[in-house]
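There are 2 protein chains.
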Amino acid sequence: MGNRQIYFFGPGNSDGNSKMKDLLGGKGANLAEMASIGLPVPAGFTISTEVCNYFYENNGKYPEGLKEELEEKLSMIENAMEASFGDSDNPLLLSVRSGARVSMPGMMDTVLNLGLNPKTVEGLAAKSGNERFAYDSYRRFIQMYGDVVLEIAPEKREDPDPFEEILGRKKKKVNARQDIDLETGDLKEIIKEYKQMIRKRTGVDFPDDPHEQLWKAIGAVFNSWNNERAKTYRRLNGIPHEWGTAVNIQSMVFGNLDDNSGTGVAFTRDPATGKNVFYGEYLLKAQGEDVVAGIRTPQPINREQAGGKDLRSLEEEMPEIYGQLVGVRDRLEEHYSDMQDLEFTIQDGNLWILQTRTGKRTGFAAIKIAIDMVREGMISKEEAILRIDPEQMNQFLRPVFDPSQKKKAIKEGRLLATGINAGPGAATGRVVFHAEDAEIQAAKGEEVILVRIETSPEDIRGMSASSGILTSAGGATSHAALVARQMGKVCVVGANGLDIDYRDRSIEAGGITVGEGDFISIDGNTGEVFTGSIETDPSEVLQVLIEGKLDKDQSEIYRYYEELISWANEIRKLGVRANADRPNQASVAVSFGAEGIGLCRTEHMFFEDDRIDSVREMILSADEEGRRRALAKLLPMQRDDFKGIFEAMDAMPVTIRTLDPPLHEFLPHETKDIKALAKGMGIPVEDLEKKIDSLRETNPMLGHRGCRLGIVYPEITEMQVRAIFEAVCELAGKGKDPRPEIMIPLIGSAREFVLQKEIVMDIAEKVQNETGQQVDFTVGTMIEIPRAALTADKIAESAKFFSFGTNDLTQTTFGLSRDDAGKFLVDYLRLGIWPSDPFQKLDQEGVGALIKIAVEKGRGSRPDLKVGICGEHGGEPSSIGFCRQNGFDYVSCSPFRVPVAIVAAAQAELNERKK
Amino acid sequence: MGNRQIYFFGPGNSDGNSKMKDLLGGKGANLAEMASIGLPVPAGFTISTEVCNYFYENNGKYPEGLKEELEEKLSMIENAMEASFGDSDNPLLLSVRSGARVSMPGMMDTVLNLGLNPKTVEGLAAKSGNERFAYDSYRRFIQMYGDVVLEIAPEKREDPDPFEEILGRKKKKVNARQDIDLETGDLKEIIKEYKQMIRKRTGVDFPDDPHEQLWKAIGAVFNSWNNERAKTYRRLNGIPHEWGTAVNIQSMVFGNLDDNSGTGVAFTRDPATGKNVFYGEYLLKAQGEDVVAGIRTPQPINREQAGGKDLRSLEEEMPEIYGQLVGVRDRLEEHYSDMQDLEFTIQDGNLWILQTRTGKRTGFAAIKIAIDMVREGMISKEEAILRIDPEQMNQFLRPVFDPSQKKKAIKEGRLLATGINAGPGAATGRVVFHAEDAEIQAAKGEEVILVRIETSPEDIRGMSASSGILTSAGGATSHAALVARQMGKVCVVGANGLDIDYRDRSIEAGGITVGEGDFISIDGNTGEVFTGSIETDPSEVLQVLIEGKLDKDQSEIYRYYEELISWANEIRKLGVRANADRPNQASVAVSFGAEGIGLCRTEHMFFEDDRIDSVREMILSADEEGRRRALAKLLPMQRDDFKGIFEAMDAMPVTIRTLDPPLHEFLPHETKDIKALAKGMGIPVEDLEKKIDSLRETNPMLGHRGCRLGIVYPEITEMQVRAIFEAVCELAGKGKDPRPEIMIPLIGSAREFVLQKEIVMDIAEKVQNETGQQVDFTVGTMIEIPRAALTADKIAESAKFFSFGTNDLTQTTFGLSRDDAGKFLVDYLRLGIWPSDPFQKLDQEGVGALIKIAVEKGRGSRPDLKVGICGEHGGEPSSIGFCRQNGFDYVSCSPFRVPVAIVAAAQAELNERKK
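As they're listed, the protein sequences go chains X and A.
With my numbering, letter number 290 in the first sequence gets 290, and the count goes up by one each step, no holes.
With my numbering, letter number 147 in the second sequence gets 147, and the count goes up by one each step, no holes.
Honestly, I wouldn't trust all of these hints.
[Claimed, not checked] Below, in silico cross-link-like pairs of lysine-lysine (DSSO-like), each with a Cα-Cα straight-line distance of 30 Å or less:
| no. | chain 1 | residue 1 | chain 2 | residue 2 |
| --- | --- | --- | --- | --- |
| 1 | A | K794 | X | K852 |
| 2 | X | K691 | A | K757 |
| 3 | A | K800 | X | K852 |
| 4 | A | K444 | X | K675 |
| 5 | A | K794 | X | K444 |
| 6 | X | K823 | A | K444 |
[As the list claims (entries may be wrong)] Not close to chain A: a few residues of chain X, all C-beta gaps over 12 Å, as computed:
| no. | residue |
| --- | --- |
| 7 | K285 |
| 8 | D389 |
| 9 | L677 |
| 10 | R705 |
| 11 | G748 |
| 12 | E752 |
| 13 | D827 |
No wet-lab data here; the hints were simulated from the structure.
No experiment lies behind these values; they were computed from the predicted model shown.
A virtual CB, placed ideally from N, CA and C, is assigned to each residue, including glycine.
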């Protein structure tokens with residue numbers, strides 16, 4: 001432990017600053033920073049993350065001296081705020097909040113209004129001159145403390161919250177529409193019922209001692225670091241469990257004190273669109289949680305946002321306070337050079353700032369803000385690149401609804417409601433009402449829309465599994481909106497026209513009922529909700545680049561995209577290629593900036609209707625002669641396929657992999673298809689069935705595939721290589737510049753490679769002699785089974801390049817079938833056995849160790865060995881970082897991941913420079 | 001190249017000796033040695049293996065100076081033998097033979113009688129006074145040279161050999177029963193026809209120039225090093241291709257000169273039984289190849305062998321020569337301290353020794369000879385151990401026919417014929433007539449007996465695939481007998497009562513016809529051949545050790561076995577354990593000398609009739625509660641299983657692996673079984689089918705198995721661990737000393753192990769508390785997937801032992817399913833991609849690299865980590881050597897491999913000492 005365990009902040013006197021996030025958490029560091037730069041921050045202090053770690057390492061005990069230090073800092077708050085903790089005349093009330101290094105919204109616990117008891121509540125009433133306010137605060141405090149510290153929860157999933165049940169019953173009884181309609185007497189009765197219920201459920205009285213309240217609340221916050229939802233959140237977001245949380249204890253200020261009070265949250269720029277406008281919401285006579293929880297629909301902070309709606313903005317309601325708030329906004333952006341998310345409270349006409357942090361934003365907003373800030377001279381291009389999550393590039397490519405289809409849906413009366421556009425893109429899927437159901441359905445391959453009144457942190461996994469999220473309550477800063485924005489999900493919130501009934505599992509709106517399993521469609525750009533499914537249209541970027549429907553001048557979005565890609569291209573050194581099997585895919589990849597093809601799978605061509613017959617004839621031939629006859633028919637087709645690809649990729653490298661999948665994949669498995677094929681081939685069904693049976697494999701992943709086919713049937717490799725070189729020589733003869741790289745799959749022994757390479761060299765020479773064309777080419781291999789990595793030195797003696805097939809390498813290194821892992825993947829992630837799905841993020845520890853061995857051994861034999869990756873990981877940012885660290889020449893990914901890979905490659909480069 | 005390329009040997013003047021096998025090959029080195037120690041060796045010289053390698057590296061060119069050196073040595077032969085090469089009055093004739101470092105019988109080419117032409121043949125006739133002999137020699141020379149150098153062969157597999165065709169036609173015409181019945185005139189006509197046929201097929205005349213003959217023959221021998229059958233032989237026997245062959249050129253001596261001449265082969269001891277008797281065969285008026293080729297049935301060299309048969313032995317025929325031969329035998333055994341295989345020729349009453357080499361022998365003979373030689377004071381125990389191929393220990397355990405069954409078969413008239421007992425043991429299987437068919441049928445899992453008139457080197461792969469080998473021609477030194485002895489195959493040769501017809505694919509004998517696919521049974525101990533199959537009885541060793549049917553005093557064989565095992569146990573340091581799942585298997589293993597159980601698979605117990613229902617109930621339960629109910633029923637059964645095993649293994653370690661196979665392996669797959677199960681469970685068939693379908697996996701090898709089961713269903717691990725500890729504590733309470741080692745399978749991440757170990761520790765503590773017994777135990781893991789090896793340092797932080805599951809580790813390292821590899825294994829071996837089947841011999845380069853990483857990393861974290869192996873390789877000698885080299889503590893193999901492992905472990909130790 002360091003000496004200091006608790007860090008004070010308050011007007012002109014902060015122990016910490018914004019650089020101390022590791023120790024103070026993000027919130028604590030920023031509170032200290034804000035106090036330092038003169039913003040109006042209620043005094044408080046932060047118990048450091050080191051105390052949290054001590055707490056966990058010592059079975060919930062606190063380090064020595066903490067109590068004394070806390071007492072000392074508490075009296076500093078009392079001095080700053082001119083009130084006394086536990087004093088029955090002039091009571092100081094405190095908030096107790098978590099605060100990790102990075103924000104984990106809603107994941108951990110908070111207690112507000114701490115310090116109230118039957119005596120201090122009277123003091124608060126007297127001091128504020130507002131008895132209702134004091135008892136309302138006390139009611140809220142008991143409820144929150146009961147939930148967080150005493151852990152009082154519904155006994156069954158279907159049951160209502162016990163506090164909400166008492167509150168709801170009372171509201172009904174006195175005919176109160178909203179909480180605010182309850183009178184002091186009602187509140188006192190509610191408090192009494194709360195206390196009775198607590199005594200009944202816990203066996204002890206609700207504590208009156210403010211110090212007991214404080215220490216128990218601190219313990220609850222520390223404990224909440226390890227609750228299930230926080231652990232899930234950390235896993236999903238790659239946050240180490242060892243970081244721990246700080247605890248922020250701060251003087252309460254009251255947005256619910258009187259008509260001159262309120263509370264709100266704001267972003268210094270629009271977090272959905274990235275527009276440089278001040279954006280936020282507030283509620284009069286409310287505490288902060290009311291805005292975020294979405295119980296009352298909040299009002300906009302300025303006229304611009306209010307639009308035509310019947311809502312009074314803060315700008316109109318309290319112009320002076322609004323002016324101060326704009327000043328705070330400017331000061332924060334200037335100070336932090338980034339878009340900030342802030343919380344404020346107005347108490348009796350005074351503005352207090354309770355929190356600032358880097359604001360979450362949509363992918364597009366992130367990019368727009370970063371680029372705008374470069375244009376505004378606030379940050380460098382490099383800084384802009386580093387601020388973007390490369391995954392956000394996906395959002396440029398998100399579909400939107402086909403306008404004519406949408407118009408038609410509206411005409412047909414299928415527009416069910418309109419809510420707030422909280423996550424861009426268009427999504428269509430089946431309705432589910434519970435997060436668990438979303439997970440289950442998604443695991444089955446269903447596209448689902450999770451529909452909730454509002455979401456809560458327990459729903460995270462289900463949100464992650466859904467194609468879209470729709471809520472009927474809550475605003476643009478509600479939990480659903482925040483999380484969806486972060487996950488890059490299509491999201492509509494606050495569609496309060498919807499009546500959602502969890503018990504009936506149905507939605508009603510304007511007489512239309514939508515049941516569980518029915519299709520709905522949501523537009524995250526406009527907030528519209530439709531019944532049924534609606535066809536989607538490609539994004540603007542795709543319309544410019546691929547569809548040619550838009551000119552780049554017509555699309556501001558496209559111009560942002562283009563600028564960003566050009567900066568990333570300036571920075572990165574890692575090459576970016578695409579995995580593409582057909583000429584049109586190759587063209588798309590080039591449009592996105594791919595610099596070559598890293599994987600062209602020849603077998604996909606085999607499935608085309610006019611080819612599969614010859615392929616099957618080849619497979620079912622009794623002998624080599626028969627196979628050669630069938631292959632001869634395939635040759636001209638394969639040659640034409642390759643010609644198309646080489647034309648699309650002129651002067652760029654094209655890595656063509658020889659046949660990889662087991663032959664049985666090309667044969668029919670349904671009885672009727674088998675019958676049809678037997679008839680077509682003029683052979684008895686039984687003979688065909690016998691042949692198909694003889695090709696069946698116990699573990700096809702580990703069976704007769706890859707180069708093992710070319711070894712046993714060299715005539716297949718011969719045909720494919722001939723097709724490639726005939727295409728290449730023909731194009732070369734026409735002045736084109738085809739650049740083939742022949743790649744042999746599933747090599748496990750150097751000799752396998754040597755034997756297949758001999759065929760390539762032999763056929764290449766023959767075709768060159770036949771055509772009189774001389775062409776450059778290389779022959780290399782995939783490294784996709786551990787033995788290849790372990791004997792890479794020998795393989796590299798004859799292979800000119802390695803391309804890591806990390807899908808198969810992950811399967812073999814883990815002994816894990818991608819097709820079967822689903823059954824236990826969820827448990828493995830839940831239990832923290834795997835930090836993430838190893839098929840999504842490269843397992844740097846295990847698979848990465850083999851890759852390092854292979855690169856080192858390979859370059860040991862052949863220093864200029866070209867090294868790339870063509871597994872799915874080639875488009876995943878953290879895996880791309882790994883590739884850069886290990887000296888790869890390029891990554892190759894699916895065409896639509898190319899923009900992600902370009903930005904990730906630039907980030908990887910900047911991260912390398914930092915070292 | 002060294003200076004000397006050619007090494008002379010002859011009476012009292014040898015350039016080489018028996019230590020120079022690398023350079024001179026085995027034959028050449030021994031000829032030089034024999035000449036040195038005064039044995040009568042015809043003069044000759046050896047062209048070294050270095051010349052062979054030069055020849056291959058320089059496209060068939062010879063090194064400079066070779067020609068001159070050859071001329072010089074040739075004149076030394078001429079001086080020693082008092083004859084001149086190419087001289088028409090007193091011609092020297094030569095033999096040209098291959099000679100590799102180790103013997104490769106029949107694999108490479110030989111030319112005899114070289115130097116004959118129309119002039120020298122007349123000189124030979126005059127000199128020998130035997131015109132018929134001279135022309136017979138010339139006929140043989142042309143035929144052999146035509147075959148070997150001119151490569152004249154049948155055009156189709158079914159065709160007769162063109163030389164044999166001419167010869168046969170002539171014999172028919174003149175009514176000659178044997179070659180010896182042909183007269184000089186016949187021979188001259190045959191020679192003419194041979195030459196015409198050669199001219200027709202090659203377009204050139206048969207060469208008359210002796211020097212041209214000599215150089216072409218040398219080239220042919222060098223080329224024969226790389227013919228297909230030689231390559232196959234080297235692959236099967238692990239002989240490096242780089243060794244090359246020497247060429248031995250030696251003065252001819254003639255066993256076919258006159259009635260006072262002959263030729264023979266002999267073993268200094270009986271190669272089949274190991275008995276210390278001089279054992280051999282000879283033919284009068286014959287050349288060496290006649291004995292080996294089995295064309296004429298040879299005669300025994302002494303009375304003892306002749307037995308009651310109507311054959312005159314050499315001892316009777318030429319007592320003086322026989323006496324000299326016995327002297328040679330004594331001199332050779334004294335000089336080489338090992339059983340020798342020698343070739344001799346008697347020319348006109350003079351004995352010549354043409355070759356000596358270490359004699360091939362049966363497994364049992366090898367052991368008996370080695371032990372006898374220790375007893376005779378000729379060699380040390382260590383030397384004896386090193387002389388044995390550990391695989392030969394298997395022969396002690398070979399079955400014999402059940403005597404009553406055999407008696408019954410004889411009574412039923414099923415004794416078809418009796419031949420020579422050439423490979424011990426008893427075999428029963430279906431008849432095949434071609435080596436290819438043997439391979440094909442064996443690949444399908446059929447036991448086959450390969451039936452041939454005689455075998456040839458082309459048949460090796462088929463012989464290897466057969467359960468037994470039966471020939472109608474040839475003797476105890478024929479190709480079939482030699483190869484079978486070496487491979488350890490059951491073999492009967494020379495059963496000349498059988499009339500084998502390849503075209504009809506049938507055997508006839510005494511009116512009985514046996515067709516292809518019919519069962520026959522052969523007794524390799526007695527030479528008997530039966531129709532139909534006969535039940536077998538365990539070996540004498542098993543009858544002493546396991547069955548208790550014999551007392552050790554009654555079995556000399558057992559006493560040899562016991563002595564050898566005791567020597568091996570004195571020497572070895574590597575522990576030997578067994579893989580055993582049931583108490584009776586454990587007892588067998590202990591009888592063989594196992595020092596513990598290295599792998600007890602708990603799942604095999606699950607298949608017992610009374611358990612499988614509960615297992616299925618557990619698998620098909622909808623929830624944890626249902627699973628726990630079913631597991632509770634299994635608990636007492638598993639506990640009893642473990643009790644039995646711990647009792648059998650008292651005070652020895654027992655490594656128990658928790659459940660490993662995917663759950664679907666326990667469910668029925670046939671429709672009728674599914675129906676029966678559904679009925680038994682009282683659920684609809686469709687529901688059961690759906691559940692079975694949901695458990696089906698694409699790649700079960702890489703699916704939900706191993707510790708992945710215990711992670712998802714911890715209750716399974718809990719039950720198994722409880723069963724173990726309840727058994728252990730109960731036995732400990734009775735004063736027994738059970739020593740459990742709990743092994744978690746298929747670990748890929750350290751955290752998987754930690755989570756499963758927590759369960760083990762928790763349950764172990766509970767059961768110990770419940771029973772009041774304190775027991776010692778350890779928890780460790782299998783290392784069977786690459787990721788475990790790569791992260792072994794982290795796993796070893798909590799695992800106390802590693803046991804390499806090399807079956808699965810081979811599958812994952814190669815990306816190769818053992819169940820599917822059969823489809824291309826043959827091609828992979830043929831093409832030299834794999835030196836041997838990696839599931840039989842550990843792949844030291846690839847899989848071995850991972851094992852080294854794992855041991856190094858594991859012992860880095862935990863220096864006293866116990867390391868073992870429990871894959872099939874744990875019983876394979878070369879793999880055991882690898883384990884010893886890498887510091888393993890023990891190997892574990894199937895109970896019947898324990899004797900092999902014990903001897904291999906002793907050898908491994910002796911090999912380590914040599915370093």
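Quick rundown of the hints versus the structure:
1. A/K794 / X/K852: Since the Cα atoms of A/K794 and X/K852 sit roughly 18 Å apart, the hinted pair holds (cutoff 30 Å).
2. X/K691 / A/K757: 47 Å, violated
3. A/K800 / X/K852: With Cα atoms ~28 Å apart, A/K800 and X/K852 stay inside 30 Å; holds.
4. A/K444 / X/K675: Since the Cα atoms of A/K444 and X/K675 sit roughly 27 Å apart, the hinted pair holds (cutoff 30 Å).
5. A/K794 / X/K444: 35 Å, violated
6. X/K823 / A/K444: Between X/K823 and A/K444 the Cα gap is close to 34 Å, so the pair fails against 30 Å, i.e. violated.
7. K285: 49 Å, holds
8. D389: 27 Å, holds
9. L677: Given a closest Cβ separation of 22 Å, the condition holds.
10. R705: 9 Å, violated
11. G748: At roughly 5 Å from the nearest Cβ of chain A, X/G748 sits no farther out than 12 Å, so the non-interface label is violated.
12. E752: Given a closest Cβ separation of 5 Å, the condition is violated.
13. D827: With a cut-off of 12 Å, X/D827 comes too close to chain A, as the shortest Cβ separation is near 5 Å.
Violated hints, in rising order: 2, 5, 6, 10, 11, 12, 13; the structure is consistent with all others.
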